[in-house]
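J.: As a plain string of letters, each chain reads:
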Amino acid sequence: MVASLAKRFGDLDIAEDAAAEAFTVAVERWPLDGIPPNPGAWLTTTANRKAIDRIRRESKRDDKQKEAVAMHDDTPHEPLGAIEDDRLRLLFTCCHPALAPEARVALTLRMVGGLTVPEIAKAFLVQETTMGQRITRAKNKIKAAHIPYRVPEAADLPERVSGVLAVLFLVFNEGYLSSGDHENSVRGDLTAEAIRLTRLVRALLPDDGEVAGLLALMLLIEARRTARVSATGELVRLDEQDRGSWDLALIAEGHALVRERLAAVANGGSRPGRYQILAAINAVHTSVRDARDTDWSQIVALYDQMLRVDASPIVRLNRAIAVAELDGPEVALAEIDRHLGSSLDDYHAFHATRADLLRRLGRSGESRAAYDRAIELAENAAEVALLTRRRDQLGR
Amino acid sequence: MAKYLMSVWGPDSDYEKEHYGYASQEEMMASFEATGKFNEKLQQEGYFVFADGLDAAKTATVVDGQGDKPIITDGPYAEAKEYMAGFWIIDVPDLDVALKLAAEASAACLGKVEVRPMQTGPEA
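Protein chains in written order, with the working numbering: chain Y, 1 to 396; chain G, 397 to 520.
Derived from the structure by calculation, the hints contain no laboratory data.
Please read all numbers here as calculations on a predicted model, not as lab measurements.
We put the CB at the ideal spot given by N, CA and C, even for glycine.
It is possible that part of the hints are untrue.
Here are the simulated DMTMM-like pairs of lysine to aspartate or glutamate, each with C-alpha atoms no more than 20 Å apart in a straight line [as the list claims (entries may be wrong)]:
| id | chain 1 | residue 1 | chain 2 | residue 2 |
| --- | --- | --- | --- | --- |
| 1 | G | Lys399 | G | Asp487 |
| 2 | G | Lys496 | Y | Glu153 |
| 3 | Y | Lys143 | G | Glu423 |
| 4 | G | Lys433 | G | Glu423 |
| 5 | G | Lys454 | G | Glu414 |
| 6 | Y | Lys143 | G | Asp490 |
Distance ranges between label pairs, derived from CB positions [what the hints assert, rightly or not]:
| id | chain 1 | residue 1 | chain 2 | residue 2 | range |
| --- | --- | --- | --- | --- | --- |
| 7 | G | Met480 | Y | Arg150 | 55 to 61 Å |
| 8 | Y | Ala98 | G | Thr455 | 31 to 37 Å |
| 9 | Y | Arg308 | G | Thr516 | 45 to 51 Å |
| 10 | G | Lys496 | Y | Arg308 | 25 to 31 Å |
| 11 | Y | Ala349 | G | Ala476 | 50 to 56 Å |
| 12 | Y | Arg150 | G | Val445 | 19 to 25 Å |
| 13 | G | Glu441 | Y | Arg338 | 49 to 55 Å |
Chain Y on its own, in the form it takes in the complex (with noise of 0.2 Å):
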């Protein structure tokens, strides 16, 4: 509803306190006179007569809200689609490109998530203040600078697309790595509104490999997520998770997904993107019942392809992860080392592979020091608590 209120009056504030006031009526209202018989048209009706109260109460009457006046004083009720498409280009918006980084992500979800400021303040461990002053900078950018309401042209769209799943994928990153934090729960709720605001987007895009990728991708880590942190607290690799207690239904779904995908690209659709490859690893590690019957040629072929891609060092430190399985830890310590030291020395993940691989090649000394680096470094308390505990059981 802020949505389509947003696109008609040109203005996120009137957009926002007009459906909260319109909600504000019902829930006065509706005890009383009883439920009206289409309680969407009613809010979305009284929530644009509020919008243009208000625009006549302040006189903002600039020309395109003086003709949204105009056009859309007493306007029926849209069908459902229309409101859809206004909720794609408000995300399109809250994404542009012009916006800061961490606006975007808190600008989605506020005003697509419908999430309110003091919760995205605590999922993104800042203060209220700070993340309420992020928010309102970025709503008067968009106003100021006449950043528009629009599904972007066809030309764009890729791109456009690809900078709102990186927003996306953000979120549910942020929801997801600290899934080991149980002091916040707010961050959790956030991989369930990244998979929402992912599934809207499919919804208006479905024919986009990298949208049905980035989902895909979601719901095979989200099927996950209660294996993925002990009852004590730590943070459980792929390796020992207790599969029996992943979820079934979100796995299904995404591997549908992948297979969706990997028909289109066999039928000569575009090459498949990171989204769509990280899903496909995704895939192959959650469709063996015994971590030991996973198909490691397939997962290091498939970072390879990552690679073409992204040749990024975080990327490389994934397939030496894989290429360890296949073919041993020695291989990947010397790729590793080879490669990546110097790029990766601040990166926790870089030191807590190389622990393992160094545990697992009998070197406890170096193991022991990787670890101390690696735990230094952590910031999850779910990966610190496994981290340590498989330093502690190093041997002299």
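Starting from the known structure of chain Y, arrange chain G on it as the hints suggest.
T.: Then chain G, alone, in the frame of chain Y:
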């Protein structure tokens, strides 16, 4: 429609260099030509309001007329590493159009371009 200032920035010392900070005479001439073509295109599309290059910041004069008598000072308003070296004023439907034009402007003039909205509201 909405108006934007598109500005190009550079160090004032560029004005004293042989090719005004361009790598060579050829590069400078090619850039001037590309910029000229870009301006023509802006005019054809009806987005052009005004455009020009600025002379060196050290040729600027600051005037403070708030007191009884204007105070005149030699030099730019503020000391800076880089100053505005040229600008366009465009009138376009929205920021997406402005950003597209800015990318073309940047490629033509061989510099980064700042896009800043004018405070006056859209003229519908």
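J.: Of the numbered hints stated earlier in the document, which are not met by this structure?
T.: 3, 7 and 11
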